[in-house]
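**Student:** Sequence:
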Amino acid sequence: MRHDTQSHRSVLFADRHPSFALLFFILVGTLPFLFQDPRFLLPLFLLNLLLVRKGNWTGMLRKAFLVVGGIGGLFTMLSWLPFTQAGHAYWRSEIPLIHYPVQITDTGVLWACGMGLRIANVALLSMFYLMRTSPRQLAMGLRGIGVPYSVGFLLSLIFRFIPLIKHDLGTIREAQMVRGMAFERGNLARKMKQYVVLLVPLIFTSLKRVQLIANALDAKGFRMRNPQHRFYRMPRWQPVEWLALGACFCAVLALAYMARIHPEHIGVLLPGRI
833 MRHDTQSHRS VLFADRHPSF ALLFFILVGT LPFLFQDPRF LLPLFLLNLL LVRKGNWTGM
893 LRKAFLVVGG IGGLFTMLSW LPFTQAGHAY WRSEIPLIHY PVQITDTGVL WACGMGLRIA
953 NVALLSMFYL MRTSPRQLAM GLRGIGVPYS VGFLLSLIFR FIPLIKHDLG TIREAQMVRG
1013 MAFERGNLAR KMKQYVVLLV PLIFTSLKRV QLIANALDAK GFRMRNPQHR FYRMPRWQPV
1073 EWLALGACFC AVLALAYMAR IHPEHIGVLL PGRI
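Residue 1096 in the numbering used here sits at position 264 of the sequence shown, and the numbers go up by one each step.
With beta-carbon atoms standing in for the labels, derived distance ranges: (1) Ala1048 / Thr1003: 19 to 25 Å; (2) Leu1085 / Asp938: 28 to 34 Å; (3) Arg1011 / Tyr922: 53 to 59 Å; (4) Met1009 / Ala1076: 47 to 53 Å; (5) Ala1083 / Met1024: 46 to 52 Å; (6) His920 / Pro1067: 51 to 57 Å; (7) Pro1103 / Thr1003: 52 to 58 Å; (8) Ile903 / Gln1043: 34 to 40 Å; (9) Phe1081 / Gly1104: 23 to 29 Å; (10) Asp938 / Val979: 42 to 48 Å; (11) Thr1003 / Leu898: 26 to 32 Å; (12) Pro933 / Glu1006: 51 to 57 Å.
Hints were generated in silico from the structure; no laboratory data involved. Every value quoted in this text rests on a predicted model; they were computed, and no experiment measured them. Positions of the beta carbon are idealized from the N, C-alpha and C atoms, including for glycine.
Make the full structure from the sequences, and use the hints.
**Tutor:** In structure tokens form, the structure reads like this:
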């Protein structure tokens, strides 16, 4: 499956250095960890949602985020809810056998909602960047911030494998259906046994493709510790990109400093916790 760079990149960063988009999303992704109060994290989530929607937010991205960010955020919220001891308690109990105290407090509700919104924010930004950036642009972005070429190239190969494995899985599934296997019938245990029939040929097909790629890289002289590997068309940084990253870095640094000296003014519920 061939990746079209323009179709995978965000419209917002179409003419920017690949490292600029990478560093920008890293800086913006650190903001949720500076806040704990959901009354601060919810507006931040809406701003991030507006940002990604402006950058060509597709239906596939929306569904993937609802699965990862939605379920992950809900699970995180429920996990933190009964284990915060600070604040006024609405309900108290303890875990049987180990007698560990659990309770739901006003601060605990805010803390749990904040942790869920943290996961939602990070999932939103990371999924948007990874799914709207081609493997080549990802490797070039990593190389631009000093990551060795070999490491970035191997990461790009990993992301290239995802659509290939998806295509192979569809081909194997159709071949098994032609042989009379019905994957939609039966209970959960039967369906799991049927999907094992798909995994075995998928594993061997993937291993065969890995061997072919390894032989191709070896034939072209690819070495992990070869400093001569490089991109021939590596773009140059523009002054406006340096200024924008500098402004973002200063804003994040200022918020982090405020969180240390005035946590009550920046949405910190429990000082000392991340």
